[in-house]
Amino acid sequence: MHKYIVLGVCFLFSQSTLFSQKNRIISPNGNIEVSWEALQSQGPQKWILKSSHLMEGKTTEVFPKIELGLIRSDQSFINLKLLGTSAQKK
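FYI, this note's numbering numbers position 78 of the sequence shown as 80, with every residue one higher than the one before it.
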């Protein structure tokens, strides 16, 4: 019974990180980090992407801040939703 409680708690913690406002992925050797986060704003929620590289003990930002989405003069392509997918064509 104790085993199932521990597994349940671990599952809940893992699910809460999926819906957090800031996420990051670190390479296995720890030299590359990519993070994305939601900006708190009054309008539609905006997401940004950052990437950094560790070399000789110094962290360098490869992409300091990239806003995810596309805004054109005739149309805005932000807050897009995936409606569906199809099988990959070979």
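In case anyone wonders, no lab produced these hints; they're calculated from the structure. Don't take each hint at face value.
[To be verified] No more than 27 Å apart at the CA atoms, straight line, and that leaves these computed lysine-lysine pairs for DSS-like: (1) K52 to K92; (2) K24 to K48; (3) K67 to K24.
How the hints compare with the structure:
In summary, the hint linking K52 to K92 is not supported, as the alpha carbons are separated by about 33 Å, beyond the 27 Å threshold. At most 27 Å may separate the alpha-carbon atoms for a hinted pair to count; K24 and K48 meet this at roughly 12 Å. Simply put, K67 and K24 have alpha-carbon atoms about 14 Å apart, close enough for the 27 Å limit, and the pair holds.
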